[in-house]
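Given the structure of chain Z, go ahead and fit chains P and U with the ligands onto it with the hints provided.
If you want the building blocks of each chain, they are given just below.
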Amino acid sequence: MSFLTRSSTHRLADRLFRWLTIACAASTLLLAGAILWNLIANSWPSISRFGFGFITSTQWNPVKSEYGAASSIYGTLVSTAVALLLALPVSLAIALFLTSYAPPWLARIVGTCVELLAAIPSIIYGMWGLFVFAPYMQKTLQPWLARLPGPLFSGAPLGVGMLTAGIILALMILPFLTAVMRDVFAMTPPVLMESAAGMGSTSWEVTRHISIPHGMRGLVGATFLGLGRAIGETMAVTFVIGNSHRIAGSLFAPGNTIASTLANEFNEADSPLLESALIELGLILFAITLIIQVLAQLWLRSLQKHQAR
Amino acid sequence: MAELRLPHRSPGARKAMDVFIRFFSVTSATIGIFFLCWILWVVLKRGHSVLSLSFFTSAPPSPGEGTGGIYYALVGTLKMTGLACLMGVPLGLLTGVHLAEFGRHSWFAAAVRFCVNLLMGIPSILVGLFAYTVIVLSVPKHYSGYAGAFALAIIMLPTVARTTEDMLLLVPDTLRESTLALGIPRWRMITGILFRAARKGLLTGVLLSISRVSGETAPLLFTALNNNYYPKNLGRPTANLTVTIYNYAMSPYENWQRVAWGASLVIMAFLLGITVLLRTLLRERSHR
Amino acid sequence: MNQTIESIPHTTVSETVIDDPILSAQDLCFWYGNSQALFENNLDIAPRKITAIIGPSGCGKSTHIRVYNRIFEQYRGQRASGRVLMDGLDLLAPDTDIITLRRRIGMIFQKPTPFPMSIFENVAYGVRLHFSFTKRELEQKVEESLRAAALWSEVKDLLHRPGTALSGGQQQRLCIARALAMSPEILLMDEPTSAIDPVATARIEELMLELKQRLTIVIVTHNMQQAARISDYTAFFYQGRIIEFGPTARLFTKPTHPQTEEYITGRFG
Ligand SMILES: Nc1ncnc2c1ncn2[C@@H]1O[C@H](COP(=O)(O)OP(=O)(O)OP(=O)(O)O)[C@@H](O)[C@H]1O
Ligand SMILES: [Mg+2]
Numbered sequence: 001m002s003f004l005t006r007s008s009t010h011r012l013a014d015r016l017f018r019w020l021t022i023a024c025a026a027s028t029l030l031l032a033g034a035i036l037w038n039l040i041a042n043s044w045p046s047i048s049r050f051g052f053g054f055i056t057s058t059q060w061n062p063v064k065s066e067y068g069a070a071s072s073i074y075g076t077l078v079s080t081a082v083a084l085l086l087a088l089p090v091s092l093a094i095a096l097f098l099t100s101y102a103p104p105w106l107a108r109i110v111g112t113c114v115e116l117l118a119a120i121p122s123i124i125y126g127m128w129g130l131f132v133f134a135p136y137m138q139k140t141l142q143p144w145l146a147r148l149p150g151p152l153f154s155g156a157p158l159g160v161g162m163l164t165a166g167i168i169l170a171l172m173i174l175p176f177l178t179a180v181m182r183d184v185f186a187m188t189p190p191v192l193m194e195s196a197a198g199m200g201s202t203s204w205e206v207t208r209h210i211s212i213p214h215g216m217r218g219l220v221g222a223t224f225l226g227l228g229r230a231i232g233e234t235m236a237v238t239f240v241i242g243n244s245h246r247i248a249g250s251l252f253a254p255g256n257t258i259a260s261t262l263a264n265e266f267n268e269a270d271s272p273l274l275e276s277a278l279i280e281l282g283l284i285l286f287a288i289t290l291i292i293q294v295l296a297q298l299w300l301r302s303l304q305k306h307q308a309r
Numbered sequence: 001m002a003e004l005r006l007p008h009r010s011p012g013a014r015k016a017m018d019v020f021i022r023f024f025s026v027t028s029a030t031i032g033i034f035f036l037c038w039i040l041w042v043v044l045k046r047g048h049s050v051l052s053l054s055f056f057t058s059a060p061p062s063p064g065e066g067t068g069g070i071y072y073a074l075v076g077t078l079k080m081t082g083l084a085c086l087m088g089v090p091l092g093l094l095t096g097v098h099l100a101e102f103g104r105h106s107w108f109a110a111a112v113r114f115c116v117n118l119l120m121g122i123p124s125i126l127v128g129l130f131a132y133t134v135i136v137l138s139v140p141k142h143y144s145g146y147a148g149a150f151a152l153a154i155i156m157l158p159t160v161a162r163t164t165e166d167m168l169l170l171v172p173d174t175l176r177e178s179t180l181a182l183g184i185p186r187w188r189m190i191t192g193i194l195f196r197a198a199r200k201g202l203l204t205g206v207l208l209s210i211s212r213v214s215g216e217t218a219p220l221l222f223t224a225l226n227n228n229y230y231p232k233n234l235g236r237p238t239a240n241l242t243v244t245i246y247n248y249a250m251s252p253y254e255n256w257q258r259v260a261w262g263a264s265l266v267i268m269a270f271l272l273g274i275t276v277l278l279r280t281l282l283r284e285r286s287h288r
Numbered sequence: 001m002n003q004t005i006e007s008i009p010h011t012t013v014s015e016t017v018i019d020d021p022i023l024s025a026q027d028l029c030f031w032y033g034n035s036q037a038l039f040e041n042n043l044d045i046a047p048r049k050i051t052a053i054i055g056p057s058g059c060g061k062s063t064h065i066r067v068y069n070r071i072f073e074q075y076r077g078q079r080a081s082g083r084v085l086m087d088g089l090d091l092l093a094p095d096t097d098i099i100t101l102r103r104r105i106g107m108i109f110q111k112p113t114p115f116p117m118s119i120f121e122n123v124a125y126g127v128r129l130h131f132s133f134t135k136r137e138l139e140q141k142v143e144e145s146l147r148a149a150a151l152w153s154e155v156k157d158l159l160h161r162p163g164t165a166l167s168g169g170q171q172q173r174l175c176i177a178r179a180l181a182m183s184p185e186i187l188l189m190d191e192p193t194s195a196i197d198p199v200a201t202a203r204i205e206e207l208m209l210e211l212k213q214r215l216t217i218v219i220v221t222h223n224m225q226q227a228a229r230i231s232d233y234t235a236f237f238y239q240g241r242i243i244e245f246g247p248t249a250r251l252f253t254k255p256t257h258p259q260t261e262e263y264i265t266g267r268f269g
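Residue numbers (our numbering), protein chains in the order written: chain Z, 1 to 309; chain P, 1 to 288; chain U, 1 to 269.
Since the hints were made in silico from the structure, they are not lab data.
Treat the hints with care, as some may be off.
[Said to hold, decoys possible] Below, a sample of chain P positions facing chain Z; criterion: calculated Cβ distance under 10 Å:
no.	residue
1	Ile-33
2	Thr-95
3	Leu-126
4	Thr-174
5	Lys-200
6	Leu-203
7	Ile-267
C-beta atoms are modelled at their ideal positions from N, C-alpha and C, and glycine is treated no differently.
Pulled out of the complex, with its shape left as it was, chain Z reads as follows:
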């Protein structure tokens, strides 16, 4: 037997396998490209009709065939902001609880429970939100909040609305943020923490001055990703946001988001222009997630480089 007897079948098989994996990997590129392309192509009638004004117009009038995205964009941003404002401190606190305060057995139970929040499908959040949580909001929480001064908590307590949607979104991204933050805290070198504790710092001060700055980049990355989740969440929001195309200053007011507008109106869209306008809404949502993704990935990459050093 000589080396020159090539068992070319093996080489061929290796090469074929490799090309097979390349083809599959390329399919993801293709998909991402196709999604973008399709959204643009199908929203073209709307883009050419309304131009840039689509983004700033608050009109949504099927009778006059006038469509604008402003209210949906506004609702998307506001509900996401509410969700982040609520979820960030709470998830930070839970992560802290899991890593430094709770005994291991309790941390395991609490950790599992928080993780299970992520297992509940969004439609169940929606149903619970609409049938159980919104009435509770209307009867208890909103009247109580309405006593606070300022325009944010004014208007009739309807139960459904921006605030309710924001709270439910917060619940939905909570497990996700908590998991990342817990990892970030767990990654803080024990030496650092011990030396800080040895200087007489309280455990909050250790977290505040050591763990958080040390894991800052990770925390910001987590926030980006949580943002990405909240911004495109559909079903839960559709149930509880009230579905109105009006922009109101109060968080009690009903509104809509890009995703909820799509879920509500797309199947009923009877004119090509409305369908196209709705797809353009989708394109805007895609653009927003794309930007968040790019930022998050750039950020996380610089984080890896940072850690590699």
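Quick look at chains P and U with the ligands alone, frame taken from chain Z:
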């Protein structure tokens, strides 16, 4: 010797802050658990009454009167998820293989990795919109279970690809070397040895992707729609659990709403089960 | 560092001539990216003998033997020049069939790496790929290989247990059995006993002396006694060069180079 006078910060304030944070963190944990229990309780309370064997085996009730089940929707969901697995899992698996085994340094792999992350982050309703424009809009316009399965597959793909890459990278290079050193060709090394070494991780990825799609409603809204008939083939609008829940919950009929809660309980139990299973799988990994 | 390399005599001593070597490295150089790790290595491997490769950490021992079965090729940026002759053919030539090459030249690593499958399958897996045996023949081959690796008596009733359930020393012998099942002519061993306890090490050393009847062994070791005990020839590497090569007895008693002497007497490395 004179006593040193230092500007001490009041230890009382610092302690108070610590106590406050401690309190806040306990409260937050309680809030999380409270909401979990609340939701579980509501679904259990409203869903359990309709649950029986016949709930799984009977047709949906007619609006307003009578009882019925989720048989058609269950079959439709299983069929679509199965088909989505057939498309999404192999594609995702081989993509992950490429990233971990052939593309550690290439720009192509970097681009693919970016797209995989992008696809992971795309809102599922946009995936539904995409499937609508690609499949439903093909002439003549028709909604179908195939379109739904296609959308679900797109959601599964990046999850499977990412976990596959991660799990293969956990396999030490020495195992690769010692396999190759026996004269085993690379593709056999990957499919025969590495897959086996990482099998729990790969299974985790597949389960994760199934759990991601089985609660999804948004990607089916514009693709599979829903149907009141048995989903014999997927060429037509196809009954499925989540859209059934959506439609029935929003309907004015009390008996439909009951079915919606019952179906929610079924899906939730399934997802909680899968999540606990995944946790144990992952725990075993980290223990080794 | 360049300074030191310059100060080392370039003439590689080859008073020791191997007749009819089974492997012959000629002017072998190696690069990791831009940094050169081997410099003009010339080494003849005597058939059916044990050749030990010794030298301080990082001197290129592993790098050198990883060229023989071209295992380095799966990494980007690693490249070799020069020739390694086997059967009069250069195994570094592009048209060499790597699959056959690796069947003929087996390799054992520092850490045992059992496949995630049963003990039987660990051995049978590669056999099935290279040979077409009947079930009966395959079983025979597995038994024969496990016997040759001195593992049979310990595992003959556990063949369907996972290979990972064995002890470290047993795992290493399983890896040897796995390699022997390919009927290799040469066995490369990179510190095969450094992760294993003394008793298990003694068993593997015994095993190597037995195997010497049938095949050629090249072993990298940090253990001077081990090299002295089992090898017939020894090569001393230093900073990517082969400083001295000769019969083990001679090299350990009368080293001709000061570096060799310093190393084997334990003054550096
Ligand atoms: N993957 C790699 N990338 C870059 N340089 C490497 C790599 N592997 C080894 N080297 C370098 O090549 C040189 C030789 O390494 P090699 O592993 O062959 O040494 P060795 O003699 O086997 O050492 P040891 O006794 O510690 O195993 C060292 O200087 C090392 O730093
Ligand atoms: Mg080495």
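Broken hints, numbered, in rising order? 4, 5, 6
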